[in-house]
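Here's the letter readout for the chains.
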Amino acid sequence: MLRAALPLLALPLAGAAEEPPQKPGSPGELPPGLVLFRWQWHEVEAPYLVALWILVASLAKIVFHLSRKVTSLVPESCLLILLGLVLGGIVLAVAKKAEYQLEPGTFFLFLLPPIVLDSGYFMPSRLFFDNLGAILTYAVVGTLWNAFTTGAALWGLQQAGLVAPKVQAGFLDFLLFGSLISAVDPVAVLAVFEEVHVNETLFIIVFGESLLNDAVTVVLYKVCNSFVEMGSANVQATDYLKGVASLFVVSLGGAAVGLVFAFLLALTTRFTKRVRIIEPLLVFLLAYAAYLTAEMASLSAILAVTMCGLGCKKYVEANISHKSRTAVKYTMKTLASCAETIIFMLLGISAVDSSKWAWDSGLVLGTLIFILFFRALGVVLQTWVLNQVRLVPLDKIDQVVMSYGGLRGAVAFALVILLDRTKVPAKDYFVATTIVVVFFTVIVQGLTIKPLVKWLKVKRSEHHKPTLNQELHEHTFDHILAAVEDVVGHHGYHYWRDRWEQFDKKYLSQLLMRRSAYRIRDEIWDVYYRLNIRDAISFVDQGGHVLSSAGLTLPSMPSRNSVAETSVTNLLRESGSGACLDLQVIDTVRSGRDREDAVMHHLLCGGLYKPRRREALRCAQAHASSPHPQPVQRRSYPGRAAMGTWQCTCLQKPRRLCPWTCRQAGTRACHPWRAWHPLPAPRPQL
Amino acid sequence: MGAAHSASAEVRELEGKTGFSSDQIEQLHRRFKQLSGDQPTIRKENFNNVPDLELNPIRSKIVRAFFDNRNLRKGPSGLADEINFEDFLTIMSYFRPIDPTLGEEQVELYRKEKLRFLFHMYDSDSDGRITLEEYRNVVEELLSGNPHIEKDSARSIADGAMMEAASVCVGQMEPDQVYEGITFEDFLKIWQGIDIETKMHIRFLNMETMALCH
Chain A
96 MLRAALPLLA LPLAGAAEEP PQKPGSPGEL PPGLVLFRWQ WHEVEAPYLV
146 ALWILVASLA KIVFHLSRKV TSLVPESCLL ILLGLVLGGI VLAVAKKAEY
196 QLEPGTFFLF LLPPIVLDSG YFMPSRLFFD NLGAILTYAV VGTLWNAFTT
246 GAALWGLQQA GLVAPKVQAG FLDFLLFGSL ISAVDPVAVL AVFEEVHVNE
296 TLFIIVFGES LLNDAVTVVL YKVCNSFVEM GSANVQATDY LKGVASLFVV
346 SLGGAAVGLV FAFLLALTTR FTKRVRIIEP LLVFLLAYAA YLTAEMASLS
396 AILAVTMCGL GCKKYVEANI SHKSRTAVKY TMKTLASCAE TIIFMLLGIS
446 AVDSSKWAWD SGLVLGTLIF ILFFRALGVV LQTWVLNQVR LVPLDKIDQV
496 VMSYGGLRGA VAFALVILLD RTKVPAKDYF VATTIVVVFF TVIVQGLTIK
546 PLVKWLKVKR SEHHKPTLNQ ELHEHTFDHI LAAVEDVVGH HGYHYWRDRW
596 EQFDKKYLSQ LLMRRSAYRI RDEIWDVYYR LNIRDAISFV DQGGHVLSSA
646 GLTLPSMPSR NSVAETSVTN LLRESGSGAC LDLQVIDTVR SGRDREDAVM
696 HHLLCGGLYK PRRREALRCA QAHASSPHPQ PVQRRSYPGR AAMGTWQCTC
746 LQKPRRLCPW TCRQAGTRAC HPWRAWHPLP APRPQL
Chain B
174 MGAAHSASAE VRELEGKTGF SSDQIEQLHR RFKQLSGDQP TIRKENFNNV
224 PDLELNPIRS KIVRAFFDNR NLRKGPSGLA DEINFEDFLT IMSYFRPIDP
274 TLGEEQVELY RKEKLRFLFH MYDSDSDGRI TLEEYRNVVE ELLSGNPHIE
324 KDSARSIADG AMMEAASVCV GQMEPDQVYE GITFEDFLKI WQGIDIETKM
374 HIRFLNMETM ALCH
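If you read the protein sequences in the order shown, they are chains A and B. Following our numbering, the numbering of the first sequence begins with 96 at its first residue and continues without gaps. Following our numbering, the numbering of the second sequence begins with 174 at its first residue and continues without gaps.
Calculated from the structure, these hints are not laboratory results. Quick reminder that beta carbons are idealized off the backbone N, C-alpha and C, glycines included. Where hints are given, some of them may not hold.
What the hints assert, rightly or not - Cβ pair distances, simulated, as ranges:
1) A:LYS418 - B:GLU218: 49 to 59 Å
2) A:GLU618 - B:ASP368: 15 to 25 Å
3) B:GLN279 - A:ALA255: 47 to 57 Å
Just need the whole structure built from these sequences, with the hints factored in.
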């Protein structure tokens, strides 16, 4: 794909003072003396402007979120585009020429990759692969359908005379235009759907479609562009075949590039134990490299990054440290959010430059109507076919949301700007139409989709906190279903999924995961571990005192080969000391996770439940309902002096138990552990 | 002729009882014969012939579920020694996709049936409650595929899960209250938000019976 390799945004602000550097000792002048202050604008211009734009975008976001009411009604993307319009107007008025456009080079090289990486990495892979058939159908067949029908319909419109003849475009031109306007845009979909919270299946189908249709868009655009350049008379039959073949090459090639980089990334993170600090860097670099490599080879870069994220996540998360995981997650989210904000703002600004576009009502209206109509028609047809084979059919309401949620965005705009005006004389009209379409979808459709979803009573996603029970049950399910498929002798979806998991366990994970992580990798364990850490952190956050006067920080953690667990825990129990709950500790604990985690538990339990030196912690059930921590009567053991009330630092949310509960059976526990372990007779005090 | 007639009458009866179509019943019958070695009934040992079942960590529970009287609707507890084709179909019917065109009540009924199947799998002593021991058992089996996770860890996980369940089901507990175990109603509560219809089914169309290796 043609990419203008342009430098970063800005043209110099017209009128900004540019002081030539003072040249001391110019001939014929008295030396001016030491200059105290110099204005070096041009030296910092480019990065300063970039930083300034990002700052403006972030400030805009803050301002929007000041008003709850507005943000609940209007999606952020709308507000940003409108802001862009306003800013563009100001710049136009001040500088008399439009600047700071959305340059395709910047867009494709810098603004799009973070967003795609973020979505690929955090894509729920199980859900994605469960619905892969539907996603592929909509992405490939749907996009092709949209492109051809829209292009053909517009051409028909021109033949019918509704489009002014000054729009000099032939059939191929319209096809080209149709191909770039028909693709559902991932940025816009994300921006809008994120606020709407439809159920996951629906979201993943629309969003997956927007990601995977990149290959189709790339191919169609390239092919149509080259056909236009060759001239319609020179197109031969082999070219059509080549076009079809290139679809496979582009998509499979892009995916392959992504998977190769995912493999590399997973492999490298296996060895970063001593250089933890570069782990986040590696993740970003290799993913970006995947994007650029695919770009370079004219393959689908979005597919590459998506596959890279999807493929590497499991192994990378197992290999990198806790801190790096947090760093990766938040950096990705920040970059993606920032890029999205800038994109929408620039879209708004770019629309103001009227030198770039030319209006034709017939074309604009026609396009708007056709994209909506053909998308709806396409969705209905494909869903009808898909429902024959899907386990869970997509009902009418889903189809409405899917057709309405097919938003166009910045990708279409960037592609239209890339058109060559000499080859495509109608470019300006196309630009205007694209701008209108993008604005319409983002503003009008974005604004109305929330009420629509509510009105249609679409199944919303309930935000479930990850629970241990859910994880357990899901795993049980998977095993049951795989077993029943085995019994029935049917090699269905579950059978293959099971086979893949066996393969992964035996070969891939062993190769790609760090040995310590490999030994104890298990999803149930992961969820459990994370819940523990979360609880412990929130316990301390809410003021729980874990560090006792004996102030023990965790001793050098037993390595995997060291002392048997029981003696360590006995040792710690005996000393009756508390534990220092510090993330660093958790970090080092990671290396021998199962043993150390059990040790941690014993420690924490042991520390808290030593009746000798520590107050016993007792959470009264009153907590379960009150949102505020309440002082709790410490249960007094006979023979001990009561030590006053102990602030029970449990929950702030009702319905959660005191996070401080020892999950190790057999120890005395805070209620409702009592349910299973009624308090034994108190030990004699030593 | 007479045999063919009675066969199709049987098939129709089974269709009515279990909801499978006659094609599916034919295919399942072929599979049944394969599994049972042409006998009219299947015993537990016959499941050993299914090759891929070996790798399944909760194999024993699943096989047990096939013989569970509660699933077969033959009694409140206990295990049958052998099951015939109709029983086989009854168990299979728990995994049929729910037809979304049925009314909400029917859907709710089917959902409960599926959840009950799951409940019976956990509740091995048939007392109507999933106690901590039983939960521990399940978790240990689930994690048994991984030799590096120790029994203690499995127990802690089970305990944690039980507590979560207690908090969902009972919420506030008196200081002296003991949580006996998860009853079926509690179990339903845990599953409230989650779509079991979309998860617990197998597509019974287009089956080819695969050969069993002995």
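Going back to the hint list, which numbers does this structure go against? Result: no hint breaks.
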